[in-house]
Amino acid sequence: MASTLETTTTSDRPAIKQPRRRRSLRSGEARYGWLFVSPMIVVLGLFLIIPIGLALWVSLLNYNGQGSPFGANAHFVGLDNYRRLFLQDGLTRTDFMTSLRNTFYFVLFVVPLQTILALSLALVVHQRFLRGRSFFRSAFYFPSVTSSIAISIVFLFLFQNTGVINSLLAKVGVDGPAWFSDPRGLFHIAAENLGLASAEAPPDLLASHDVAGLSLWQWLSGPSVAMCTIISLVIWTTAGTFMLMFIAGLQDLPRELEEAAMLDGVNARQRLRYVVLPHLRPILFLVVTLGLIGTWQVFDQIYVMGKGAPAKTTLTPAYLSYDAGFGNFKYGLGAAMSFVLFAIIIAMTMLQRYVTRDKDAAQERRAGRAARRTLRSNTTVNR
Amino acid sequence: MTTTDAGTAHDIRVHSADTQRRSRLPAKRAAGYAVLFVFAVIYIYPFLIQTATSFKTDEQASADALSLRPDPFTTASWERLFDGSVPFLTWLGNSVLVTVCVTLGRVLFNSLAGYALSRLKFRGVNTIFVVILAVLAVPGVVLLIPKFLVLQSLGIWNTYTAMIVPLLVDAAGIFIMKQFFDSIPYSIEEAARIDGAGVIRIFWSIVLPMARPALITITILSFQGSWNEFTHFLVSTQSPELNTLTRGLANLTSGQLGSGNQFPLKLAAALVTTIPVAIMFVLLQRFFVTGANSGAEKG
Numbered sequence: 001m002a003s004t005l006e007t008t009t010t011s012d013r014p015a016i017k018q019p020r021r022r023r024s025l026r027s028g029e030a031r032y033g034w035l036f037v038s039p040m041i042v043v044l045g046l047f048l049i050i051p052i053g054l055a056l057w058v059s060l061l062n063y064n065g066q067g068s069p070f071g072a073n074a075h076f077v078g079l080d081n082y083r084r085l086f087l088q089d090g091l092t093r094t095d096f097m098t099s100l101r102n103t104f105y106f107v108l109f110v111v112p113l114q115t116i117l118a119l120s121l122a123l124v125v126h127q128r129f130l131r132g133r134s135f136f137r138s139a140f141y142f143p144s145v146t147s148s149i150a151i152s153i154v155f156l157f158l159f160q161n162t163g164v165i166n167s168l169l170a171k172v173g174v175d176g177p178a179w180f181s182d183p184r185g186l187f188h189i190a191a192e193n194l195g196l197a198s199a200e201a202p203p204d205l206l207a208s209h210d211v212a213g214l215s216l217w218q219w220l221s222g223p224s225v226a227m228c229t230i231i232s233l234v235i236w237t238t239a240g241t242f243m244l245m246f247i248a249g250l251q252d253l254p255r256e257l258e259e260a261a262m263l264d265g266v267n268a269r270q271r272l273r274y275v276v277l278p279h280l281r282p283i284l285f286l287v288v289t290l291g292l293i294g295t296w297q298v299f300d301q302i303y304v305m306g307k308g309a310p311a312k313t314t315l316t317p318a319y320l321s322y323d324a325g326f327g328n329f330k331y332g333l334g335a336a337m338s339f340v341l342f343a344i345i346i347a348m349t350m351l352q353r354y355v356t357r358d359k360d361a362a363q364e365r366r367a368g369r370a371a372r373r374t375l376r377s378n379t380t381v382n383r
Numbered sequence: 001m002t003t004t005d006a007g008t009a010h011d012i013r014v015h016s017a018d019t020q021r022r023s024r025l026p027a028k029r030a031a032g033y034a035v036l037f038v039f040a041v042i043y044i045y046p047f048l049i050q051t052a053t054s055f056k057t058d059e060q061a062s063a064d065a066l067s068l069r070p071d072p073f074t075t076a077s078w079e080r081l082f083d084g085s086v087p088f089l090t091w092l093g094n095s096v097l098v099t100v101c102v103t104l105g106r107v108l109f110n111s112l113a114g115y116a117l118s119r120l121k122f123r124g125v126n127t128i129f130v131v132i133l134a135v136l137a138v139p140g141v142v143l144l145i146p147k148f149l150v151l152q153s154l155g156i157w158n159t160y161t162a163m164i165v166p167l168l169v170d171a172a173g174i175f176i177m178k179q180f181f182d183s184i185p186y187s188i189e190e191a192a193r194i195d196g197a198g199v200i201r202i203f204w205s206i207v208l209p210m211a212r213p214a215l216i217t218i219t220i221l222s223f224q225g226s227w228n229e230f231t232h233f234l235v236s237t238q239s240p241e242l243n244t245l246t247r248g249l250a251n252l253t254s255g256q257l258g259s260g261n262q263f264p265l266k267l268a269a270a271l272v273t274t275i276p277v278a279i280m281f282v283l284l285q286r287f288f289v290t291g292a293n294s295g296a297e298k299g
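If you're matching them up, the sequences are chains A and B in order.
The opening position of the first sequence corresponds to residue 1 in this note's numbering, with each subsequent residue numbered one higher.
The opening position of the second sequence corresponds to residue 1 in this note's numbering, with each subsequent residue numbered one higher.
Among the hints, a few may not be true.
Cβ pair distances, simulated, as ranges [said to hold, decoys possible]:
| hint | chain 1 | residue 1 | chain 2 | residue 2 | range |
| --- | --- | --- | --- | --- | --- |
| 1 | B | Q238 | A | P203 | 23 to 29 Å |
| 2 | B | S254 | A | K171 | 28 to 34 Å |
| 3 | A | H75 | B | W204 | 49 to 55 Å |
If you are wondering where the hints come from, they were derived from the structure by calculation, not from laboratory data.
All residues carry an ideal CB built from backbone N, CA and C; glycine is no exception.
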């Protein structure tokens, strides 16, 4: 270790082209630099960088976890795992597609609803004429900082058959469902209530056409009643965090702008529409994309509240991948699933970085300049 | 005559608009409070119900879920948590141990790395920073399988080492520290440097004390993060003796308790899991807010 550090220092020293006095002041900086970042390099390298590469490698294997993933027990099968997920008819594909469908509806409901809730809470909490605003702000934010597992247990209790939610529903004369054992999709229920279709005899056109192992009727199910409990839990917990972001944005809103609008006789709704919302636009985009990134990763709540039940309607790719590996010892298949999920999330992240690029652009330019400078000084030395 | 008329008319108009606004304010205020109140109930009631239910009997918890009054009032569930019929104290101890180690580690290693990336000039520093920015975007939940495989091949799977070491550094924390060090004027260090102070000395006795707000933010984020951590422990351990509160709680729901729902016991255990973070939240709320917003910036 010491010898590596020594070589780095000696090879690095001439690279810093600075006046003599500065150089003596800076001597040893590279050594300390590497010393300071070494814990980070070891930990992030071993448990973040290597796992990314390993995940890709394992996803190309038929591997049951016995022995090393590079040993005799790990059989290289190329893209076979991915083929089974997308192309080969069978339980594997059906389950995976079901999990993608479930998560799609989960995202479709959670992201808009939590964004609207967060924005509304922020607008109310921001009103200057209300007292006790900081108390309410804390109350709305608190669930975001608590353990997802502990909160899930509270929601398990709230949504029991004879639990709080159903007792409240009974008070207004509604017979609440058996939340956690009801696999019916919301869209199916709506169709049935409107007399359009029934689950026993779905429309032939939809039931007879399969896409990737699921019939169109199944694809169009909407989130199941059981999934709705998890949807409400996630909206309830994360809205507070996003509320804070909106509040930060509202605090940046120039007060004169609002006052000018008020003097012009603009009413509250117009003010919201033409002054406040345009100002909040960048934050709105940020909240939506952060929501997209976060919701695709949902795992803890699924583990406690559903584990896929009932009828696989709360399966998500993250849980399915975990279960494939640790439950069924199909590590290759599990890794392939998580890699697909990874791709989805990276796509969302790219979207987010693209949307917020203005702010980052300046930073990147700076980093780029610094990199070029270093490069230049190095080449000078080498020549 | 006409001018006075116009003047009066103008006065009246201004006056009426004024009274109108004033008369509308109480109504607006009432509406605002009504909205706040409804949402406050939605956000606070679950915690009140949780607390109340932990003092109920199993029968009352399922028969009368809505009530905030335990009748009869019993501490039976709390006693069961601590009398050894559930390995609750083991979970609590493990959670405390892991949280303390991880928090100390992160405060030290994140600030070391953040300082090096912000201030020290050495070849590769830019590459490292770019890698960290990229790594920030990698969601932990997609790396469960390879993380398990790495821990297993290092021969530390199912040990405290496996639970603690991978959490000792986090990219987001390094990012926060680097940004903070970037905001400290360089001239302060330069003076000490000219006086002959070494890198470690400058870092430890000049820069680090100035970074107190950032250090508190890191402490809180690490405390909260490792106390609430679940998936990492799920794949890094197997033995019941290594269960933390979150894992123990999750096991409770999958029927480890035997017969019945036993919600009072589960809710009591969940409450204990919530309390430390709640206390910290009440005392140091503004740092939580900083953390949340820096999360937004890092993206």
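Each hint tested on the structure:
1. Checked against the given bound of 23 to 29 Å, the beta carbons of B/Q238 and A/P203, roughly 48 Å apart, lie outside it.
2. Separation of B/S254 from A/K171 is about 32 Å and conforms to the stated range, judged on CB atoms against 28 to 34 Å.
3. A beta carbon spacing of about 53 Å between A/H75 and B/W204 agrees with the range 49 to 55 Å that was offered as a hint.
Violated hint: 1 only; the structure is consistent with all others.
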